[in-house]
Amino acid sequence: MSEGEQQGDERKGNYAIEQLKQVRATRGAGTPAQIERSKRGKEMQNLILKAIADEAKTVPEIAAETGLPEQDVFWWITALRKYNRVQDERKRGDFVPYRKK
Amino acid sequence: MAASTQQLKADVLVVGAGIAGLQASLDLADQGKSVVLVERKPSIGGTMINLSKVFPTLDCASCITTPRMASVAHHANIDLFTLSEVDGIEKAGGRFRATLTKRPRYIEEDKCIGCKRCEEACTVFLEDDFDHGLGARKAISIPFTNAIPQYPVLDADNCLLCGACAKVCPTQCINFLQEPTKVEVDAGAVILATGFELTPIAAKPQYGGGAFPNVLSPLQMERLLAPHGPYGGVMRPSDGQTPSSIAYVQCAGSRDKSLGVPYCSRVCCMYAIKQAMLLSGSLPIADITIYYMDIRAFGKGYEQFYQNARAMGVEFVKAKVARISEGEGHNPILRIERQEAGTGPEEVQHDLVVLSLGMVPAWKPSRGGLIAVEADTDGFLKSPSMKLSPALTTMDGVFAAGTATGPKDIVDAITDAGAAAMAATNYLVRTQAAPAGHLP
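Protein chains in written order, with the numbering used here: chain A, 750 to 850; chain B, 45 to 484.
No wet-lab data here; the hints were simulated from the structure. Cβ atoms here follow ideal geometry from the backbone N, Cα and C, with glycine treated the same way. Treat the hints with care, since some could be wrong.
What the hints assert, rightly or not - Computed footprint of chain B on chain A, listed as stretches where at least three residues anywhere in the stretch have a Cβ under 8 Å from a Cβ of chain B:
# : stretch
1 : 766–777
2 : 786–794
3 : 801–812
4 : 826–834
5 : 839–849
Stated by the list, open to error - A partial selection of chain B residues facing chain A, derived with a Cβ cut-off under 7 Å:
#  : residue
6  : L205
7  : Q222
8  : T225
9  : G253
10 : F256
11 : P257
12 : Q285
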């Protein structure tokens, strides 16, 4: 996206700035637990996407490389797959390898 | 605080937009009756839209439900309120006055074009209710692909107010300041189609209490079997492995006095058999075992369906599962005792286990709040004339449809909805013909 287009998009969001200020003032922008969860989620996404950037890997392989629990890795793979960030490759044994799109 | 109060007059108020509520609304609207249909979730469709296929025909569930959802949404005689709850209904002079609260979607529906750009931009990932926690959604999202209405809903409890959604919205339809609104409905009759919930998986600590990732609820398995399920196939939530051995534990939430559910939920045998058949199709080399007390295949074509499953190689083991523990690699281990002479307790390991949970009412009359109708001993709505007029409740002019009166399969829920619509029409004719002062 060019800088001009980006500035245009930001202007589109201006209508909500006052609304957001008002809501943030009344109920805050998330609890500390929600903010921490979001931060941890971003870290896990980045680790997983980095692990499968060049080569398709199965959930146990990604878990072994990143040190994350297999269950968490699979949940994030499912999430990233839904939002088109990850694609399936041909099945290897009982596991599907995943690759970053 | 409510911003404004909308006033509506209708022939019938229908509470709940699952398959029974949809069918009752359509039957009434097609007769020319005006209907206000209220649904607490952001989309109509109920549990049925969540299913993969239906027994015993193995028809696609969403192919049956979606056209009805669309018909309801576009019907000139139906006013639809999603994300709305009935605060209370009072009867006066043969008619009913209901107060609804419409919760904010934080979207201006007249501007939204359903482009999903807000959902793509959102950075907050949450467990998806539609996939029963197996998949993910964003803090602003359209509830599922064929949701009606096709508008996103912003989860204000989890939104971090970063404004990313508003920045990309091409129609500037996101409104963070929306407030709940009140609606008052003056209706001639009421149909309660409040539906069911599954018995909570956490209520059975001897089966893991919901803590084991590879012990699923039947609705989670429905999502894995659905064409657009969260994983794109049947896999184990613990590690993404394709399971080669799957077990069903029958009566895991029904016929169980310890849970306060002494009754049979009527559908568990059939949904387990259906899922076993679908699994046989999608995982041809997997072993599928159903541990059961009795198989209750009572409906038309159901016994044949059961026999077909046996012929396809599904193993039926008459045994009570006492306990489920977790072995290496999150493999569930079942402690069972076969109901055969000369056998003792044994332990069997599977890759994945599904608990056939039972049905409990989604709204219990004993909880109060909605309307003063009586509950039966099982907690569902009491029907004073179950054999002759199953749609009746203990209040004249209030009718029940679907699983509001007890566990039912889809066929019976739809039949029931037709009966409730007809009973409501009869009530309207009777009350409209009655002279003033002689209303029931």
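Subject >> chain B over the stretch 839–849 of chain A, status - at least 3 residues with CB closer than 8 Å >> reply: holds (count 4)
**OP:** May I ask you to test the interface hint for Q285 of chain B with respect to chain A, counting a Cβ-Cβ separation under 7 Å as satisfied?
**Re:** Cβ of Q285 of chain B sits 5 Å from chain A, so the hint holds.
Subject >> Claimed coverage, the stretch 826–834 of chain A by chain B - three or more beta carbons nearer than 8 Å >> reply: holds (count 6)
Subject >> Minimum beta-carbon distance criterion (7 Å), F256 of chain B to chain A >> reply: Not OK, violated: F256 of chain B not within 7 Å of chain A, min 11 Å.
Original post:
With a cut-off of 7 Å, does the beta carbon of L205 of chain B approach a beta carbon of chain A closely enough for the hint to hold?
Top reply: holds, 4 Å
**OP:** With a cut-off of 7 Å on the beta carbons, see whether P257 of chain B makes it to chain A.
**Re:** holds, 5 Å
**OP:** Examine the stretch 786–794 of chain A: at least three residues should have C-beta closer than 8 Å to a C-beta of chain B.
**Re:** Since three or more residues must qualify, the claim that chain B covers the stretch 786–794 of chain A holds, with 3 doing so at under 8 Å.
Subject >> Satisfaction of the Q222 of chain B interface hint, Cβ to chain A closer than 7 Å >> reply: violated, 10 Å
**OP:** Tell me if chain B covers the stretch 766–777 of chain A under the three-residue, 8 Å CB rule, please?
**Re:** Since 6 is at least three, the answer is holds.
**OP:** Go check the stretch 801–812 of chain A versus chain B for me, would you? Three or more residues, Cβ under 8 Å, otherwise it fails.
**Re:** Holds, because 4 residues of the stretch 801–812 of chain A bring their Cβ atoms closer than 8 Å to Cβ atoms of chain B.
Subject >> G253 of chain B as chain A interface residue, shortest Cβ-Cβ below 7 Å >> reply: violated, 17 Å
Subject >> Evaluation of the interface hint that places T225 of chain B against chain A, nearest CB under 7 Å >> reply: With a closest approach of 18 Å, the T225 of chain B hint is violated.
When the structure is compared with the earlier hints, violations turn up for hints 7, 8, 9, 10 and for no others.
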